Amino acid sequence: MFSMFQEKRGVALPIAMLFMVGCGGGGGDAGNDSGGDAETAQATSSVDPSSAGNVIGTISFTGPVPAMQTIDMSEESVCADKHPAGAMTESLVVDDDGGLANVFIYVKEGLEGQSFSPGPAAVIDQNGCVYHPHVLGVMAGQDITIRNSDGVLHNINASPTENRPFNVSQPVVMETNRSFRVAEVMIPLRCDVHGWMNAYVGVLDHPYFSVSAVGGSFSLETLPPGDYVIEAWHEEFGTLQQTVTVTTGETTEITFAFDESMAGVDVPMGEPWILDHADHGAHTAQSDTP
Amino acid sequence: MALVAITAIVSLAPPGATPSAAQVDGRAVYERWCAGCHGLDGTGDGPGSGTMMPRPRDFTLALYQVRSTLSGELPTDDDILQVIDLGMPGTAMPGWRDVLTREERLALVDYLKSFSRFFDGPAPTELTFGKAPRVSDESLAAGRAAYELIECFKCHGDDGRGSGTSAPTLNDDYGFPIAAADLTQNWRFNGGGTVEDIYRRLRTGLDGTPMPGFSDLIDAEVLTDDDLWSLAHYVRSLAPETPEVREVIVAELLEDGELPSTVDDELWNDVESYYVPMVGQIILAPRWFNPRVSTLWVQALHDGTDIVMLVSWTDPSMSPDPEWTEYADQVVASMTPRDPGSTTGPGPGDQLAVQFPQAPMQGMERPFFLHGDSRRPAYLWSWSSVDGANEKVARGMGTAQTQTSQDLSVVPVHDGGQWKILLRRTLMTEDSEDLQFPIGSAVPIAFQVWDGDNGEQGFQGAISTWYFLLLEQATPISVYVIPVVAMILTFGLGTLIVSQAKKKDQQEGAA
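Going down the list, the protein sequences come from chains B and R. For the first sequence, position 175 matches number 175 in the working numbering, and the numbering has no gaps at all. With positions in the second sequence counted from 1, the corresponding number in the working numbering is that position plus 1000.
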């Protein structure tokens, strides 16, 4: 993989930035968990960094912010002990200035026809019976290292619709690698053992995605010049889109404003591949079983 | 619709001809037999699906519980065929082996696969499983150790009855509540209850449910393959052999000693245990399609004066348990459409009703099996975790009246995900409203049970059919004496005849 990259470009810095776009920017601590080894970035792309531009911005939330719920972890003392002040749910993380964390921001349209290769494994850590990060972006085919730092039973149950699912058990401190083959926004992960544990993975076939940090900031860097549809996805308030024009050497700033009126909207997830019924009717059985 | 019917008729082979699978129209078979639950478009939401728990499979996701492939992999054709053939015990899915021809079932496999584009990709890799090693005390102990190491108890509970701390919050991939399997009833396991079946489910998991696969743990050297086999043996050991339904429950006569007064009295170990399968009450509205309790175990003893009955069943919680409130709410919410008057949340508690006719019946005559009617009332032994024990008389569901004279005593114990209820009454009472239990005769008996934390109450619970309760008679002394006398007489008579014949023979020989 690395040699392939060298043949293609031989420019390390923008590639490292690419990787940071891919795996960094997660909400708060979460970003550190997954972006820890950014210097080993190996993502490859056909983008000429000298002509690229950036998109940065913030996500805001307007409206009354319900107090986050404290998670009752009393049934799992190992985890409860890791949260002396109590662990909070992460479905709506808004800071005092109205910045909304844990929003997945990505290029939805505008990169068609370009090809990118994934970087090294992203990490999702189960620590204190909480997923770090809560929202993770990866590229299709990129390894996800699922780590159990708790040493109590977790199962990692991924239920995508456009990818194959998995449900694996981790009863001890250990790591398991999995990946998703095709782009899908978003894939829910859950732990059935601990009903409060959930996370979302956004899978794309390019590296232009980010997860808003605490305070709501995000960045999509080293984008080729052009027009893009950028989408911001939140697990409870659904999606917002806007079009942005990226110019060489410029950093364009945008904001997405979620508000209370969006509560209860249909939150888009992956769509199952339902076959057209008319198409289906022509089907005839062909069995190779004797 | 007419077109579908015609296609279905056309697809039925004329006698003598055996069409190959390629000639059978899988779609016609599907639409005739499967679409009612699984939907015409395969999304699992056919007209019959709303009251089913778990819901019928959504074929568009290609999520199959029973596979011989790793978690998340597609099933093989044989995997799909096995589920069609054998059904899914403990769900609404019946087996079709005796209903459809092999060709029709093969055509169905193909049609089901056509609902998802996943099957257009590469074929799944079938795992090789090997044969079960011999079971031993050591392997069972190793299996128990594995049960603890990989924390099966988190969902299945320490006793395997599905009462783990995580059990109340389990959901399937569609967001519906799902019970952790009761490991003491292996005949209800999806994919089969043999050691081999259990081992396979451990390796592959049950996709779409909270049950993960454990193959990764072998690769990660957390467990060995042998450990997983031992675990399969241990899980298998939690269930008895598949029980037979018997129509007559015998209350054995205890000739010496005291009748047991506790649920764990050692005497119970020697008393025959009768299997009573339970089903949802779906005759009278509001109906109940999702009973928690699928099996009662009934034991009975009498000493000529009193009768004691021990009724046991798996129930993960002692209702009302706040940990299970949300589960009950979810179960109730998942039932659509709901009959008028349906339960709207957790029931008030767990309940048991042992039902008899109020008056002795002639021959096979029995009251209406749902609490009788005005002509033939039912006499009930009723117990609730909230209200305790009561004798009642009912003239139809919902009419039960507590009797003024109470002769029933009950000892309820909830432990390890199981209720054990000991009921005791004198065989004969002074109360003219009670059924009297004459020794040596059989009286009709039926059961009802409710799990409040599954949203059950009122009409909405589990019921059994009628059985007979036979009070064993003391064996009269003549039963032992008469055969001995007969033997002596026969022997004596025989000896006499033989000796006389010999004498006659000798006399003739001398002459």
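Hint data in this document are derived by calculation from the structure and do not stem from the laboratory. The structure presented is a predicted model; accordingly, all values stated were derived computationally and were not measured. Glycine included, every Cβ here is placed at the ideal spot set by N, Cα and C. Heads up, a few of these hints could be off.
Unchecked claim - Looking from chain R toward chain B, a few residues come up when the C-beta cut is under 8 Å (computed): (1) Pro1122; (2) Ser1166; (3) Phe1176; (4) Asp1207; (5) Pro1210; (6) Gly1213; (7) Leu1217; (8) Ala1220; (9) Thr1224; (10) Asp1225; (11) Gly1458.
Unchecked claim - One side only, chain B facing chain R, incomplete, derived with CB under 7 Å: (12) Ser159; (13) Ser169; (14) Val173; (15) Thr176; (16) Pro188; (17) Asp192.
Structure versus earlier hints, numbers of those that do not hold, lowest first | Violated: hints 1, 3, 9, 10, 11, 14, 16.
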